[in-house]
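**Student:** Starting from the structure of chain A, add chain B where the hints point.
Residue numbers (this note's numbering), protein chains in the order written: chain A, 1 to 456; chain B, 1 to 342.
Treat the hints as calculated values from the structure; they're not laboratory data.
The model shown is predicted, which means the values in this text are computed figures rather than measured ones.
Each hint can be trusted.
Non-contacting residues of chain A with respect to chain B, defined by C-beta distances greater than 10 Å in every case (computed):
#	residue
1	Gly69
2	Val72
3	His82
4	Arg88
5	Leu162
6	His404
Which residues of chain A face chain B? A few of them, derived with a C-beta cut under 8 Å, are:
#	residue
7	Thr223
8	Val229
9	Ala260
Beta carbons: idealized from backbone N, C-alpha and C, even for Gly.
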Amino acid sequence: MAFFLSKSGIRTLLGIPTMGFRWMGNPVHRNVLPTASFHFTWPRHESLRTDGQLDSQSNGDPQGLDFPGGVVKFTPELKFLHGFLDERIPCYKVLDEQGHLVSNNFVQISKDTALKMYKDMVTLQTMDTIFYEVQRQGRISFYVTANGEEALNIASSAALSLNDPVFPQYREAGVLLWRGFTVQEFANQCFGNKDDSCKGRQMPAHYGSKKHNYFTVASTVATQIPHAVGAAYSLKMDGKNACVISYFGDGGTSTGDFHAAINFAAVMEVPVILFCRNNGWAISTPVNDQFRGDGIVVRGPAYGVRSIRVDGNDAIAVYSAVHTARKLAISESRPILIEALTYRAGHHTTSDDSTRYRPIEEIEWWKTSQDPVARFRKWLEREGWWHSEAEREHRDSARQEVLHAIQVAEKLEKPALSEVFTDVYDVQPSNLQEEEMLLRETVRRHPKEYPGFPSE
Amino acid sequence: MAVALRRFGRLRWSCSGSCLRGISSECGKPINLYTAINQALHSALETDPRAYVFGEDVGFGGVFRCTTGLADHFGKHRGIVGFAVGLAAMGNRAICEIQFADYIFPAFDQIVNEAAKFRYRSGNQFNCGGLTIRAPYGAVGHGGHYHSQSPEAFFCHVPGIKVVIPRSPQQAKGLLLSCIRDANPTVFFEPKWLYRLAVEDVPEKDYMVPLSEAEVIREGNDITLVGWGAQLSIMEQACNEAEKDGISCELIDLKTLIPWDKETVEASVNKTGRLVISHEAPVTGGFGAEISASIVERCFLRLEAPVCRVCGLDTPFPLVFESLYLPTKNKLLDAIKSTVGY
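Bound conformation, chain A alone (with noise of 0.2 Å):
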């Protein structure tokens, strides 16, 4: 059973101070949480370069030699290291779950902001809901919910700039809907009508918009994390100020592109926040499953990557880490590896049913005492900033607008034939041009197999 379930996990998880770890016989560090500190790394390794002070060490001392890479100090001890560290690095949070502060380390929001990020968190939430019905009656033929992931989604999306390039996973739409992708342009791509900026190529969920900096959504697993690393580069030579953040999820992170990408990552020095949204499932696979260290965070280090570990179900927490984090990879020009612990409390996707591989209390556990959405608005009540009525209010226009975004969206007649043959290529080549036509004389003998397709 994930760890984090039981009594004794969820309390380590709310965050008491903790001491550091024991890392390859340093000294144990005393990281008193909650800090927005970062858990000690390596020093920096320069070149093979020897300073005046390791003369002695690399003529033959016994304590240490200057091996490619660095000085290494000897050990006649035959130790190996553990497999895993004594305890699991904590999780830096702001809010409990009643909306109370149990940090006063953390980035100040505004009330403009905050009042902008809940009302986001609660229209994610129902466009979420009323998307996942009009699948289920077949209006559209997929989708995918961020339940759970409200609070990892708007928070770190608000603490960015729309100068930041996100090289999103397919569960991030709230990143985009705080950079202000409408509900309209959501449906627009759901339906594939001729108003999705995609031109109706891809599967619902499956959004991009140059416009807000968001990189098109792929199927494919990860392969967005060296794209993200690739873009940072970018950033870098044009001496931006901004940095690109990439999401993934803990499946992501057993790929090979998450490796390549990280290592790239920190030998080449780029600004790029590295998000994995640790929502405890990869569709059936459970954490445990999926690896045997304590997560992700503890990878950053061995690539030499500065890393933390949040609540992401914490939006203040969120907010912060990726606040600092973006400080931080921009000034010192480096990649930053977040690890924000949540729960994926909806399925995969549409196609797909969890209560066939996990417990259906497991979920309604988190889905009640640990809604990001709800621990944020007892929080702005608590500011005095939110209220039952506007909560009342918020909701029934947030439904409202999804409702008529799907009638319009659903109307709408699908992209031309054309689109078909459109960028593959910046021009379209003779061969397509073929195609094109011989498609065009299908359709115009056989008009009834092709409804909505005018051969024009």
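**Tutor:** Just chain B, lined up with the frame of chain A:
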């Protein structure tokens, strides 16, 4: 390399006017293939401040010396195709090198699922047109399974990318610059056998050879031969021998495999009525099959004989059996004669 010398001697390509469309009459200096590619990369980096060259070991010049001097001028980089896609997606020219085409397969996902679909899937909001992937391909005399492969057919099945293969130093420089400057992701396979062996006069200036335009490099009336890369020099030898037997061969360099120039091949086959296609890659599912099928569709009534393919065997590329495996001059000659005598 001893085997190579027995087969080739030292190739000197003559600098024919038809090869240099639109370029001035000066023919340039005699240089080999890797130097021509190096020049192309220099030009690319000089003319575009947002161009980047990277790959394994390119910093010191690369295992084939194609990137010599670039690090000194332009800085050092390492990377893989995914990184290159991201760089290109931000509007840069990312010229990445895969050390051998045999090692391109880990990058296949990034090429097929990402680079090739980047523009289409985004509704043209995004593209990685600035991406060029270079890889040495083909037989080298002693390369065995993992230093000799010709994997072009895998990539020819992918809408959204272009696949280009030069036959000589002068062609390589112009085609590579066209690939780099083309607004689509391109895969550029360089015939490694020719890196040092092929020497040709190459203009020192910046010039481009157009993509998706095949070239008739030898005119004839009796039979059309189509090929690309290093194989063309073998085919040229076969054509010379066939001429002694009174067979007039027309030889076409396809240059760009996708999107390929069907019109030029069709026009030639309409003239000759016969077609032989030759490539080092294994015959089954090789790109010759696509050419054959398309030409049969277009020229069925004109054909005097079945379309013939002279290609590598359907085996992994063997070491000591290399001369048996490859589509050699004598196999080609036999094919030419039997096609003409059909």
